[in-house]
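When you get a sec, could you build the whole thing from the sequences and use the hints?
As they're listed, the protein sequences go chains R and B. The opening position of the first sequence corresponds to residue 96 in the working numbering, with each subsequent residue numbered one higher. The opening position of the second sequence corresponds to residue 81 in the working numbering, with each subsequent residue numbered one higher.
Quick caveat, the hints were computed from the structure, so don't treat them as lab data. Owing to the predicted nature of the structure, the values given are computational and were not obtained by experimental measurement. Note that CB positions come from ideal geometry on N, CA and C, so glycine has one too. The reader is advised that the hints may include incorrect statements.
[Stated by the list, open to error] A few chain R residues facing chain B, derived, Cβ under 7 Å:
#: 1; residue: Gly-137
#: 2; residue: Pro-145
#: 3; residue: Ser-149
#: 4; residue: Ser-213
#: 5; residue: Leu-216
#: 6; residue: Tyr-217
#: 7; residue: Ala-236
#: 8; residue: Leu-291
#: 9; residue: Phe-374
#: 10; residue: Gly-383
[As the list claims (entries may be wrong)] Pairs of lysine to any residue, SDA-like flavour, derived with a Cα cap of 25 Å:
#: 11; chain 1: B; residue 1: Lys-108; chain 2: R; residue 2: Phe-320
#: 12; chain 1: B; residue 1: Lys-296; chain 2: R; residue 2: Thr-376
#: 13; chain 1: R; residue 1: Lys-309; chain 2: R; residue 2: Ser-328
#: 14; chain 1: B; residue 1: Lys-384; chain 2: R; residue 2: Asn-353
#: 15; chain 1: B; residue 1: Lys-296; chain 2: R; residue 2: Leu-159
#: 16; chain 1: B; residue 1: Lys-108; chain 2: R; residue 2: Leu-324
#: 17; chain 1: R; residue 1: Lys-191; chain 2: B; residue 2: Phe-280
#: 18; chain 1: B; residue 1: Lys-183; chain 2: B; residue 2: Leu-163
#: 19; chain 1: R; residue 1: Lys-262; chain 2: B; residue 2: Ala-122
#: 20; chain 1: R; residue 1: Lys-372; chain 2: B; residue 2: Val-285
#: 21; chain 1: R; residue 1: Lys-309; chain 2: R; residue 2: Leu-324
[To be verified] To be clear about the criterion: a stretch of chain R counts as covered by chain B if any three or more of its residues have a C-beta under 8 Å from a C-beta of chain B, and this derived list gives those stretches:
#: 22; region: 113–127
#: 23; region: 152–162
#: 24; region: 219–231
#: 25; region: 238–244
#: 26; region: 335–345
#: 27; region: 384–396
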Amino acid sequence: MEAITEFQSRPEKKGAGWRGMSRMARREALTGYLYISPWLIGFLIFTLIPVIASVVFTFTNIRLGSGEAVNFVGLENYRTLFRDTQVWESLLITIKFGLIALPVGMILPIILALLMNSAYLYGKYFMRVLFYFPYIIPFVAAIFIWGAIINPETGWLNMALEGLGVKNPPNWLNDPTWVYPALVILGLWGIGNAMLINMAALQGVPTELYDAAKVDGAGFWRTLFNVTLPLISPVIFYNLLLTVVGLFQYFLVPLVLNSGTGAPGGATMFYNLYLYKTFFTYQNMAYGATMGWLLFLVILVVTIFMFWSAKYWVYYAGDSS
Amino acid sequence: MTNTGETLQASTIATGTKKRRNWGNLWKTIAITLLVLLLLAAFLAPFLQMLFIAFSTTDQITELGAPEWPAEAAVFEYGGEVLDVYVVPFEDGTQHELAIVKKGRKESIFVDPANPEEEILWQGSWRSLDRPWTFAPTTENFFEAWNLINFPRLFFNTLAIAVIGIIGTVISCTLVAYGFSRFRFPGRDILFIILISTIFLPAAVTVVPTYTFFVKIGWVGTWLPLLVPHFFANAYNTFLLRQYFMTIPHDLDDAARIDGAGSFRILLSIILPLSWPVIVAVTLFHLVFAWNDYFAPLIYLSTKPELQPIAVGLAFFNGIYGSRPPLIQAAALMALILPVIIFFLAQRWFIQGVVITGVEK
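Structural data, given as C-alpha cells:
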C-alpha cells in the first residue's frame, strides 16, 4: 500500500499551509481541486451524506409508504436487532458460507496462477485468456449455465460423479447442506480476476531468489513456501481483503436463484438478503440502516484483525522501489 | 511443476542462451499441458452443456435415454401416420432400425422402412428399446426466447445504460485522476486514501439512505439512479488512470506549458493521446459492469419492465420459464454473447488493466 502515498516526481508539500504558499502554488492547488471536484462532490452526495443519514436513520422509525410520521425512537432499532434471531442466524449463515468459499476463492487462483506461469505449459497466453474470460460473463447468465451443470437429474456434474462410482451424488441446490458447496461452484467463473493478479505478482518475483534457493538445494515445496508465497503475500493480502469484504456482502446469487425466499429451508437467507428484504420488500428503512451498521461493524472488526495479522505473514520487501 | 525457479526463469527472461530441451522437459511439458487442458475442459464444460441444451427441444431434455447433444429421434411416415423408429435386436445378433406399428408389453409389430409392406413380429417389451438419434440442432429456442423476453428492448436498454455510463465514467475519472496525478494541493494524499478506501465500504451502509433519497426525489422508475452517480468518478477506474498518468514524464507537460498550453489543453493533447490503452480498459470495465449489474436496476426499475437491462430481464424470464431449460439457456447465451465477443477482441488491454489495478498497490 506504500505506493498510494508515494509520489515520486512531485510530492505534496508538507506543512506549507495555504498561507505559506506562493501565488503560483495556490493557483496550482485550486486547479487540482477543480479537477478532483467531480469525485469530491460525488463523495459528498453518494457516500458521506448517505453514511451520516444512515446513522440518523437507525435512531428513527422511518419507513417508506407507511404514512407514519417520522420520529426519533432512541435505541429501539438496536434493541430489536439484538432480539431478532433472524439477524444472528443469517449472520451465521454468511460466516459459514464464507468459511467454505474463502479457501476456494484464495487457493484456487494461486494454484492456477502457478500453473499458468509454468515454463512447461504450452500455449500459455491462450490458456490464461480462456481461464479469465468467464469472469466477464454476467453473473445472472452464469448462474443459469452452472445451474444446468449441477442439476441433480440432467447435469453433467452428477453424471460424472456417478461415472466415478459415487452412489448418491448430492442434490446440490435443494439440499440444505450441499447448497453451500453448490453456491461455491456457481461462483467458480469468478476466479479469473484473482488468478491474473496472482500471476502478475508471480512474474514480479526476482529470479535471483529462485537461483539462490536452487543453490541452497531447496525443492519445489520449500521454494514455494519460503520464497514464492512470502514474496507475493502483499498481493494475497489485497485479494484476501477484497474477498472477505465481498463474502460478507454475498447475497445476489441466492436472490436470483430463488427470488430471495432463502430456499431450501432458509439455508440461503444470507445477512445481506435479509437486509435487502427489510429495506426493499418491507420498506423498513430504519431497521435496514441498523442492520447495515451491524454488518459494517463486523466487517470493520474482521478487517482490523486482518491488518493486525498481516504483520506476521505479509512480507514487504525491505525497499520496494 | 517440480521447480518453479526454472519455470519462472525460462518464462520471464528471454536470455540469449540456448534453451535446453531435454527429454525430461518434454515429458514435463506434456504432463503440465495435459493437466491444464483437463482443468480447462472442466472449467468450460458448462458452456458446452449450455450450447447443447440451447439447441435442443424441451421434449428431448425431458425424455429418458435421450443423448446429451441436440438430437432428434428418427421417425417413419407411412400411410399417413408418423411411426417412431427403434433399434430392434434379433436373436441372430443383428440389429435393425424398425418403425413400430403396434406397441405391446410382450410383443410388438414393426415394419421395416425399406420394405413397409411386410409386418415383423418382435418378442419383448418395446420400452426397453433404444431409439436411433440423429444430430439435429434447433434454433427455435432462440427465436422463441427473443420474442418472449422482448430481447431487442432489453438489449437497447443495456447498451444505452452502458454507453451513457461509460461517457460519465471516462470523463469524470480522467479529470479526477489527472487532478491527483499532476497537481499539488493540501490534503491530496489523504483525499486519495479516502478515495481508495471507499472500495472497502460495504454498500449496505449507503444503499438504504441513497434508495430513500432517490424515492423522495422521484428518480425511482427512471434510469437516473443508474447513470448520474457514474458522472462523479469511482475509486477503481480513477486509481487505474492515475497509475497510468504517473508513468507519463512531466517533461512533456513542462514543454507544453512553456509553449503556453493550459492544464486542460495538456490533458487533451498530451496525456490522453498517450493513455488510450488505459482509456480502452476503463471503457471495457464499465461495459462489463453495466452488462453484469443486477442489484441497482432491480431496486430502481422493478416496476418498469420496459426500462430494465438484460440481467434483470433474464432473471425474471427464468422465474416464468424455469421449467423449459432450452429457453433459459438460449436466453443466457444471448445475454452473454456481446461482452464475450468484445472481450476476445480487446483482451490485451483488459488484462493489462486488471494487472495494473491489482498489483500496483
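### Message
Taking the earlier hints as the rules, which of them does this structure contradict?
### Response
The structure conflicts with no hint, since it agrees with every one listed earlier.
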